[in-house]
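Please take these sequences and the hints and turn them into a complete structure.
First to last, the sequence lines map onto chains A and B.
The opening residue of the first sequence carries number 1 in my numbering; numbering runs sequentially from there.
The opening residue of the second sequence carries number 1 in my numbering; numbering runs sequentially from there.
Treat the hints with caution; some may be incorrect.
Simulated coverage check for chain A against chain B, where a stretch passes if three residues somewhere in it have a Cβ under 8 Å from a Cβ of chain B [stated by the list, open to error]: (1) 48-54; (2) 198-207.
The calculated lysine to any residue pairs, modelled on SDA-like cross-linking and capped at a C-alpha distance of 20 Å, are [claimed, not checked]: (3) B:K345 to A:G57; (4) B:K168 to A:L56; (5) B:K168 to A:L66; (6) B:K345 to A:E60.
Just so you know, the hints here were simulated from the structure itself, not pulled from any lab data.
A virtual CB, placed ideally from N, CA and C, is assigned to each residue, including glycine.
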Amino acid sequence: MKEHVMACIDGSGYATAVCDCAAWASLRLEAPLTFLHVIDNHAPPEAGNLSGNIGLGSREHLLEELASLDERRAKLSREQGRVMLEAACQRAVEDGVEDPHSRQRNGELVETLHDLEGETRLLVMGKRGESAHRASEHLGSNLERVVRAVHRPILMVPESFRAPQRVMIAFDGSRTTRKGIEMIAASPLFAGLTCHVVTIGADIADIQAQLDWAIDTLNDAGIKAHKAVRAGDVEATLRDYQREQAIDLLVMGAYGHSRIRHLLVGSTTTAMLRSAEVPLLLLR
Amino acid sequence: MIRSLKQTWFFNPKNDILAGLVVAMALIPEAIAFSIIAGVDPKVGLYASFSMAVVIAFAGGRPGMISAATGAMALLMVSLVKEHGLQYLLVATLLTGVFQIIAGYLRLGELMRFVSRSVVTGFVNALAILIFMAQLPELTNVTWHVYAMTAAGLAIIYLFPLLPKIGKSVPSPLVCIVTLTIVYMLTGMDIRTVGDMGELPDSLPVFLWPDVPLNLDTLLIVLPYSLGLAVVGLLESLMTSTIVDELTDTGSDKNRECRGQGMANIATGLLGGMAGCAMIGQSVINVKSGGRGRLSTLVAGVFLLILVVFLGPWVSQIPMAALVAVMIMVSIGTFSWESLRDLRKHPMSTNIVMLATVVVVVATHNLAIGVFVGVLLASLFFANKVGRVLYIDSQASDDGQAREYRVIGQVFFTSADRFTNAFDFKESLERVRIDLSRAHFWDITAVDALDKVVIRFRREGTEVEVEGLNEASATLVDRFAVHDKPEAVEKLMSGH
Numbered sequence: 001m002k003e004h005v006m007a008c009i010d011g012s013g014y015a016t017a018v019c020d021c022a023a024w025a026s027l028r029l030e031a032p033l034t035f036l037h038v039i040d041n042h043a044p045p046e047a048g049n050l051s052g053n054i055g056l057g058s059r060e061h062l063l064e065e066l067a068s069l070d071e072r073r074a075k076l077s078r079e080q081g082r083v084m085l086e087a088a089c090q091r092a093v094e095d096g097v098e099d100p101h102s103r104q105r106n107g108e109l110v111e112t113l114h115d116l117e118g119e120t121r122l123l124v125m126g127k128r129g130e131s132a133h134r135a136s137e138h139l140g141s142n143l144e145r146v147v148r149a150v151h152r153p154i155l156m157v158p159e160s161f162r163a164p165q166r167v168m169i170a171f172d173g174s175r176t177t178r179k180g181i182e183m184i185a186a187s188p189l190f191a192g193l194t195c196h197v198v199t200i201g202a203d204i205a206d207i208q209a210q211l212d213w214a215i216d217t218l219n220d221a222g223i224k225a226h227k228a229v230r231a232g233d234v235e236a237t238l239r240d241y242q243r244e245q246a247i248d249l250l251v252m253g254a255y256g257h258s259r260i261r262h263l264l265v266g267s268t269t270t271a272m273l274r275s276a277e278v279p280l281l282l283l284r
Numbered sequence: 001m002i003r004s005l006k007q008t009w010f011f012n013p014k015n016d017i018l019a020g021l022v023v024a025m026a027l028i029p030e031a032i033a034f035s036i037i038a039g040v041d042p043k044v045g046l047y048a049s050f051s052m053a054v055v056i057a058f059a060g061g062r063p064g065m066i067s068a069a070t071g072a073m074a075l076l077m078v079s080l081v082k083e084h085g086l087q088y089l090l091v092a093t094l095l096t097g098v099f100q101i102i103a104g105y106l107r108l109g110e111l112m113r114f115v116s117r118s119v120v121t122g123f124v125n126a127l128a129i130l131i132f133m134a135q136l137p138e139l140t141n142v143t144w145h146v147y148a149m150t151a152a153g154l155a156i157i158y159l160f161p162l163l164p165k166i167g168k169s170v171p172s173p174l175v176c177i178v179t180l181t182i183v184y185m186l187t188g189m190d191i192r193t194v195g196d197m198g199e200l201p202d203s204l205p206v207f208l209w210p211d212v213p214l215n216l217d218t219l220l221i222v223l224p225y226s227l228g229l230a231v232v233g234l235l236e237s238l239m240t241s242t243i244v245d246e247l248t249d250t251g252s253d254k255n256r257e258c259r260g261q262g263m264a265n266i267a268t269g270l271l272g273g274m275a276g277c278a279m280i281g282q283s284v285i286n287v288k289s290g291g292r293g294r295l296s297t298l299v300a301g302v303f304l305l306i307l308v309v310f311l312g313p314w315v316s317q318i319p320m321a322a323l324v325a326v327m328i329m330v331s332i333g334t335f336s337w338e339s340l341r342d343l344r345k346h347p348m349s350t351n352i353v354m355l356a357t358v359v360v361v362v363a364t365h366n367l368a369i370g371v372f373v374g375v376l377l378a379s380l381f382f383a384n385k386v387g388r389v390l391y392i393d394s395q396a397s398d399d400g401q402a403r404e405y406r407v408i409g410q411v412f413f414t415s416a417d418r419f420t421n422a423f424d425f426k427e428s429l430e431r432v433r434i435d436l437s438r439a440h441f442w443d444i445t446a447v448d449a450l451d452k453v454v455i456r457f458r459r460e461g462t463e464v465e466v467e468g469l470n471e472a473s474a475t476l477v478d479r480f481a482v483h484d485k486p487e488a489v490e491k492l493m494s495g496h
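Below, the structure written as structure tokens:
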């Protein structure tokens with residue numbers, strides 16, 4: 001089965017951007033596009049009946065009551081989901097995609113994405129979803145868990161999307177980032193774009209050699225490349241560079257450090273995800 | 001990590017906390033009542049409920065299910081406590097925990113699939129009957145005051161929720177208990193109260209190793225009780241977890257639940273509590289009140305202890321009549337009333353299994369024996385039913401010297417006799433052909449029966465030709481490897 005570009009849609013304001021981004025990716029990768037809507041019908045009840053007593057046939061009545069409540073809510077959710085998916089497919093067609101598919105699944109988002117991993121070539125998600133508060137800086141509640149659980153490249157989309165011209169990859173000479181460079185060189189997603197390879201840290205000969213290798217690899221693949229070394233706080237410096245150079249797509253490896261280190265020290269990836277103003281591609 | 005804590009614990013905080021409070025208030029009378037059934041101080045049941053609930057909140061496999069001291073377990077402890085005392089009970093509790101953990105690791109939770117629906121219904125009905133019967137000692141040889149209080153209590157429990165606003169936001173068992181306690185304190189009637197039944201906790205529980213000699217004698221005394229407690233505890237917990245699964249439409253890990261019960265019982269034994277397990281009535285109350293997560297179980301246990309330790313003096317003033325009213329409510333709610341209606345609709349074999357389970361449990365006061373009898377009966381009925389799926393016909397040849405027998409259906413220990421009797425050995429023939437290609441041999445009895453038939457024909461001088469034995473005996477082996485291939489199942493069952 002051919003692997004799809006899987007785009008997650010919900011009722012939030014990010015859906016349009018996700019749609020456009022997914023369409024762009026699908027056209028470049030020449031992969032079929034599927035819009036996915038996941039309905040979780042097991043949201044906890046609004047209020048319980050606190051009368052604390054059980055009478056004749058309580059258990060059966062309770063089951064019937066819970067089942068019919070769930071049924072009504074689920075039907076409504078499915079209808080709303082269908083409408084959203086149709087709108088997304090419509091927009092994708094306008095963007096030039098030939099035959100976008102749509103899928104609705106029951107269950108929890110992270111579990112479903114994990115189940116569909118085998119069919120996913122690239123996962124496109126909005127930075128936040130329906131349940132997020134406008135004003136807060138917080139990352140969508142699902143995004144971090146999805147990034148941990150799903151072992152496919154994830155393209156995170158902010159509120160608005162335009163087709164990228166300039167790409168930036170954070171590079172530190174490690175095996176993960178070298179693999180990242182190779183993946184960029186090999187992928188049709190980046191053909192014809194300009195790529196900035198940026199290292200945050202000391203400007204030593206070793207790093208320069210690595211950077212040169214990176215530039216050569218990219219040039220060989222027909223991607224114009226620039227290199228840069230900057231010093232300072234990783235997240236802030238990358239952000240400054242991005243603004244300076246008008247980068248419109250960031251590329252990073254995800255969670256290079258061990259889980260324990262992440263818990264104690266904090267993670268560059270999460271920080272970057274949180275502050276990103278442009279789409280961010282996480283490679284595995 | 002914080003994120004996943006949120007997912008499993010705090011996804012439903014307000015409802016979980018409220019439901020936990022409701023459950024705690026209904027747990028107090030139950031824990032006290034079950035301690036009395038077992039013959040120990042109310043302190044023991046209350047500490048047990050606290051530690052079971054708290055440990056299960058973390059270690060259990062079914063979020064939203066309430067575990068505490070229960071009637072099913074209490075009934076098994078009566079003679080142990082009477083003959084040897086509380087300390088031996090604590091050792092038995094520890095050993096029960098160990099057995100349950102072993103059962104969890106041996107994946108015995110999956111044996112639940114052999115327990116049929118009628119056995120579960122019988123179990124639940126028997127439990128309700130036993131809880132009700134345990135209240136009768138409080139209702140016999142007493143003054144009319146007790147009956148009046150109990151009736152008033154039941155009235156409050158069932159009618160209070162009908163009140164317009166506060167009816168559904170304050171648990172009626174609590175209202176019942178508070179009201180009756182106030183009435184008792186104001187009128188000073190001469191009726192029994194909780195304080196008369198034994199010691200209540202006046203402090204938080206402490207870690208204690210049971211005070212018994214650690215030798216083989218102790219082990220032998222305690223072993224049969226622990227086995228019974230372990231089996232009953234796991235049975236009730238697994239059945240309750242299935243019920244909660246259905247109500248919340250989510251799955252649960254049965255083996256993790258076994259291990260969780262084991263750990264909870266070990267902790268309970270060390271804190272001076274009696275063995276416990278999951279409770280059907282309380283779990284239903286919890287789900288009904290909106291509780292869905294582990295937080296509700298934790299809140300129930302902690303709040304129970306706080307209420308009892310700090311409100312001790314008032315708890316000892318609660319009249320037994322109030323507890324009896326709450327327990328009667330629980331038994332009414334636990335009994336499966338539509339099983340009585342279904343007695344008319346269901347086939348006789350199902351009814352017999354259910355009724356047999358109930359009768360055996362009520363007679364022996366031991367739920368494990370009842371379930372065992374129920375499972376045995378259900379299996380026998382099943383074997384009998386399938387044994388009837390056997391059809392043998394025959395056709396004589398034109399010259400009357402040969403006959404072909406066709407066997408269609410299932411041949412195994414139950415139907416082997418019918419198989420053998422279907423052949424006419426008195427008919428004098430040259431040749432007999434037995435066509436087995438549409439038959440299924442399930443065990444050695446069937447093969448044996450076939451051998452005997454062939455030998456008998458030979459002794460009458462008839463030549464026997466057996467056809468289709470390969471297809472027939474495909475079902476002799478233990479594993480079929482058909483579960484993911486529908487064509488293989490078709491082939492196995494149709495014999496073509």
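Going down the list of hints, with the structure as the test:
no. : hint            : verdict
1   : 48-54           : holds (count 7)
2   : 198-207         : violated (count 0)
3   : B:K345 to A:G57 : holds (17 Å)
4   : B:K168 to A:L56 : holds (18 Å)
5   : B:K168 to A:L66 : holds (17 Å)
6   : B:K345 to A:E60 : holds (17 Å)
Hint violations for this structure: number 2 only, all remaining hints satisfied.
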